[in-house]
Amino acid sequence: MAEREIILEVKDLQTSFFTDDGVIPSVDHVDFHVKEGEILGIVGESGCGKSVTSLSIMGLVPSPPGKITSGQILFKGKDLTKFSEKEMRKVRGNDVAMIFQEPMTSLNPLFTIGNQLVEAITLHKKDWNKKQVKARAVEMLRLVGLPRAEELMKDYPHQLSGGMRQRVMIAMALVCDPKVLIADEPTTALDVTIQAQILKLMRELNERLKTAVIMITHDLGVVAETCERVVVMYAGKVVEEGTVDAIFRNPQHPYTKGLIASVPDMRHKKQRLYSIPGNVPKPGTIKNGCRFAARCESVFGRCTEENPPLYETSANHKTRCFLYDQKEVEVHDKTAATS
Amino acid sequence: MLRYIGKRLLQLIPVLLGMTFVVFMIIRAIPGNPAQVILGQLATKEAIEALEIKLGLDQPWYTQYFDYLIGLFQGDLGESMRTVQPVANEIWPYLAATFELALFAVIIAVIIGVNAGIISAWFQNSWFDYLAMVIALIGVSMPIFWLGLMEQWLFGIELQWLPTSGREEVRNPVAAITNLYVLDTILQGRFDQLGQVLKHLVLPGIALATIPMAIIARMTRSSMLEVMRSDFIRTARAKGQKMFWVVYKHALKNAIIPVLTVIGLQMGLLLGGAILTETIFSWPGIGRYIYDAIQYRDYPVIQSGILVVAFMFVMINLFVDILYGLVDPRIKYD
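Residue numbers (the UniProt record's numbering), protein chains in the order written: chain A, 1 to 339; chain B, 1 to 334.
Extracted from the complex, chain B is given alone in its bound form (with noise of 0.2 Å):
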C-alpha cells in the first residue's frame, strides 16, 4: 500500500512539471504585461521597463522559467507582482475558504445524492424515482449563477433567513487559526461564530452541490440498479435479512466504488471551478484569487494558484483510488 501510494506520488511529478510549463506558455501568450498594468496607462516606457527588469520579465522565457522551477523545488511558489507578498503565504486563506466551501458542498451533494439514488433504484419506476431523476435532471442542467442569484433574492432579500456574501459576520470576524473557519470557531469555543459561519455557508454551498447532487444521484441509480439484480442480494433476501439492509448493506458497499469516483471528481472541479459561484457569493476564495491574478497578469499568483489546484486534484484522485481498496478487498495494490 505505501509502496503505491510512494509510486503515486512520484508519478505526480512529471504530471505537476508538464502543467506548470502549459500554464507558463499560455499566460504569456495572452496579449498584456504586467508592468504595464501594474503602472498604469500613463507609465512612460522608461518606468514600465525600469519594473520589466525588476521583475525579471526582461529575461528570455526559459530563463524565466527555469528561475520559476528551482524556485518551486526550494518549495518557493514565487512573489506576487502586485502586493509583493510570497504566493506561498498569500494563498492559503483563500484555498482554505474554497475548501471549506466545496467539502461543505459535496456533504450536502453526497448525503442528498447517494440517498435519493439508493432509494430510487430500491423503488424503480415509483413516483419517488420519476421525481427524483426529474430533479436531477433539472439539477444537471440548471445555471449555477442563476441558482445563486434566485437563492439570494428568496432566501436573502424576500425571506431574510440566510446571508447572501461573505463567509462571516463583518461586526464579528472571525480569528482566524487554520482559515477553515467552522474548525476555527469549534477550537476557540466561539459557537455563537460557528452558528454564522455555517448560515454563511448554506447558500452558496447549496448553489455549489446541485450539479454534484444530480450526477451523484444518477450515478447512483444506475450503479444500485445493476447491483440489486445480483445473485448476492437474492442470497441476503433468502437469509431472512430486512430490505433496508439488504440495500444499505449489501448492495450499496457493491455499488459505491463508481459513485465514489463521481464524489471524487466532483469535489476537485469544485476546488477549481468555484469561481462562478465564488463570484456571486462574495467568496474569498482560490478561483477568484486566481482569477483576479489573471486581471493584473500577475503571474507568479496565476502559476502558483493553478498548481495548487492542480495538486490538491490530484490528491484527491489519488485519496479516491485508496478508497477503493478499502471497499473492495479484490482490488490489490502493488
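Looking at chain A on its own, in the form it has when it is part of the complex (with noise of 0.2 Å):
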C-alpha cells in the first residue's frame, strides 16, 4: 500500500486555561499526526486532555478562559491556530467535521432533522440550489442506514431514538466531504448493542469515503475495534503512541499496561479487577518530573526530578518513560543480570 499523506497535524500544541487559580495548561506539548484515510484513537481517562485538543482543532475552545498558547496544528501543511474567525468558519464542517459525546443533546431540540441537515450543507455549499441541498441531506440519512429517509428530514430530535440521532449527527458531519472527522466519545452515551451498530457504521464510512478518523475515546475496546494507530495521552500529554496492534500486545508505558490490565476479560475469571492506585492529578499541580510519577508501580529518582521525553523504542512504538532511555535499560539489564 502507498505511503499516505499527513492530513492534519497537530505539533507541539499547548492549549491553556486562564482561570482565577493561575494558568493551566490543559494540553501540554501534544504532538501527533493523522494520515489521510486513518483511524486514529486517543485514549485517555476523563480530564486527560482528549477533548480540549479535539476542540482546539475546531477552533472551539471557550475562550475566555482557553487559548491556544504556543503550537501548530497543520491540516495539509496550513496552521489552523493562525486562522481567523471566518477563515475557521470555512474549515469547520467543511474541511474538519466533529461529532459529540451527547447524541441527545447534541441536535437542536427546536429544529427539525431536515433543517440541521440543510444548514450544514448550505453553509458551505453556497452555490447549491434547494433541490440538490435536499437531495445531499436525505442521501446521507440513507448512507448512514436511516429508515424512511425523506419522512425523517420532518421530524424533530425528540422523535428519534439516541442511536437514530448519533447517525444523524454522523451524517451531518460527513454531509460536506470532510477531510478529517473528530468523533469525541461518540458511542459513551449509547447501548452497547448500538455502541457496535455506531462503531461499524464509523468504519464502514471511513472506508467508502476515505474520511479520516480521530476516535477519541476512554473505551480500549473501541480502540481495539476500530483504529489502526493509538495515542495514549495522560495529565494533558502524549505518554504513548503506535499502532494498535503494538500498543495490545507491547504496551510499555506503565500508564498504558496499567489501562489494559483493568479492562475487564470475559475468558478470564480473576479474583478482583486491577486498577490504577491513585487519581489523575489536577492540570497543572505537578511541575516537575513525570506526571504519571507518583502513581507508577516502576517509579525511581529519575521520574519526579526531569521530564521524560518520548523515547522512539520501533518504527511504530513511541513512549513518555525513562524505562525506554538506553542509559536506563543498560543500567536495569545489569542490575537484573547480578541478581
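Derived from the structure by calculation, the hints contain no laboratory data.
Predicted model, so just to flag it, every value in this text is computed and none were measured.
Watch out, some of these pointers could steer you wrong.
Each computed PhoX-like pair below joins lysine-lysine, with the alpha-carbon atoms no more than 20 Å apart [said to hold, decoys possible]:
#1 242/B with 90/A
#2 253/B with 126/A
#3 76/A with 210/A
#4 253/B with 154/A
Got two chains here, separate frames each, mind docking them using the hints?
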C-alpha cells in the first residue's frame, strides 16, 4: 500500500485555561498526526485533555478562559491556529467536522432534522440549489443507515432514539465531505448494542468515503475495534503512541499497561479487577518530573526530577518513560543480570 | 389544538365567575353609597332612598349579584350609575386607548429588552453586559411616576420635543373607527395625524415600558446563558455557522419560552395596572376609567371594568400558552 500523506498534524500544541487559580495547561505540548483515510484513536481518562485537543483543532476552545498558547495545528500544511474566526468557519464542517458524546443533546430540539442537515450543507455549498441540497441531505441519512429518510427530514430530534440521533450527527458531520472527522466519545452515551452498530458504521464510512477519523475515547475496546494507530494521553501529555497492534501486544508505558490491565476480560475469571492506584493529578499541579510518577509502580529517582521525552522504541512505537532511555535500559539489565 | 383552546376557555368561566363575586363583595364593603355620591351632600334622605330604589340598591346583595350575573350571561355589562350609559358602549374607547399604549410599551420593551439580554449573554462579563444589567436594575427599581414626571420636564417642557398629555392633538382630533388611533389614522390615510398620535405615544410608552424592559432583559440574559452552554450550540458552531446565527437562531429559539411567559404577564399587568402612567400623561385609558368609577362608587362600571381587564389578562396568557406549542414541538396540547 502506498504511503498515505499526513492530512492533519498537531505540533507541540499547548492549550491553557486562564483561571483565578492561575494558568492551567490542559493540553501540554502534544504532538500527533493523522494520515489520509486513517482512524487514529486518542485514549485517556476523563480530564486528560482529549476533548480540549479536539476543540483546539476545531478552534472551539471556550475563550475566555481557554486559549491555544503555543504550537501549530497543520491541516494540509496550513496552520489552523493562525486562522481568523472567519477562515476557521470555512474549515469547520467543511474540512474538519466533529461529532460529540451526547447525541441526546447535540441536536437542536426545536429544529427539524432536515433543517439542521440543510443548514450544514448550505453553510459551505453556497452555489447549490434547494433541490440539490435536499437530495444530498436525504442521501446522507440513507448512507448512515437510517430508514425512511424522506420522512425523517421532517421529524424533530425528540422523535428519534439515541442511536438514530448519533447517526444523524454523523450524517450531518459528513455531509460536506470533510477530510477529517473528529469523534469525541461518539459511543459513550449509547447502549452496548447500539455502540457496536455505530462503530461498525463509522468503520464502513471511513472505508467508503476515505475520511480520516480521530476517535477520542476512554474505551480501549473501541480503540481495538476501530483504530489503526493510538495515542495514549495522560494529564495533558502524550505518553505512548503506536499502532494498535504494538500498543495492545506490547504496552510500554506503565500507564498504558495499567489501562490494559484494568479492562475486564470475560475469558478469565479474576478475583479482582486491576485498577491503577491513586487519581489523575489536577492539571497544572505537577511541575517537575513525569506526571504519572506518583501512581507508577516502576517509579525511580529520575522520574520525579526530570520530564521524560518521547522515546522511539521501534518504528511504530513511542513511549514517554525513562525505562526506555538507553542508559536506563543498560543499568536495569545489569542489575537484572547481577541479581 | 382547538380542543385545548376550547378546554381552556371553559376553564375561564369559573375563574371569571369567582372574580366577579370577589369584586362585587369588596366594592360593597368599601364605605360610601352611590346614591349619596350622585346626589351630593345636601340631598335629603327621601331623595337618596328613592334613587337607591331606582338603582336597585335596596335589594339584598344576593338579588343584586344574581341580577348582575344574569345580565352578564346575556352580554349585558350593566349601566353606569353616573352617566346612565351602558358600560359596554362606554368602555371600549378607554380599553382601546390602554391597549394601544400597552402594546406600544410592550413592543419597545421586547425589542430593547430581548436584544439587550441576548447581547449581555453573548458577551457575558463584558462592559456591555455590566452596563445593561446595571441599567436593568435601575429600570426595575425606578418609580414610574417619577420617571414620567422627569420625561415630561425634559422632553416636554425643556426641549419641547414631545407632547406630555393626551393621545391626540386637541385641535386636530382623530375620527375614531376602532379607537386604536394608530390603526384609525392609517385606515383613513391621515398620515399627518398618525405622526401626532405616535408622538403622543412616546413618553407614556417609555414610562410604561421601563419596568417590563428591565425584567425582560434580565430574563432573556439568564435564559440565554443557560442555553448557550448546551451541546447543540457547540454542534452549530462545529458546522461552521456564524456566531450571530448561532445566537439568534439556535440559542434564541430555545431561550425564548421563559421570556414569552414574562412578556405575557407584563402585557397583562400593563393592561390593568397603567393607572399611574395614565394619570400622569392624562391618557384616557381603562385604568383611569375604573379609578374614576371607584371615586363615584359606580358599582357596575367597577365590576365590569375589572371583569374586562381580567378577561384580557387570561386571554393573553392563553395566547402565550399557544405560542409555546408553536415554538417547541415537544409541547403537545390535548
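Hint check:
1. 242/B with 90/A: holds (10 Å)
2. 253/B with 126/A: Distance of about 25 Å is beyond 20 Å: violated.
3. 76/A with 210/A: holds (15 Å)
4. 253/B with 154/A: holds (18 Å)
Comparing the model with each numbered hint stated earlier shows that hint 2 is the single one that does not hold.
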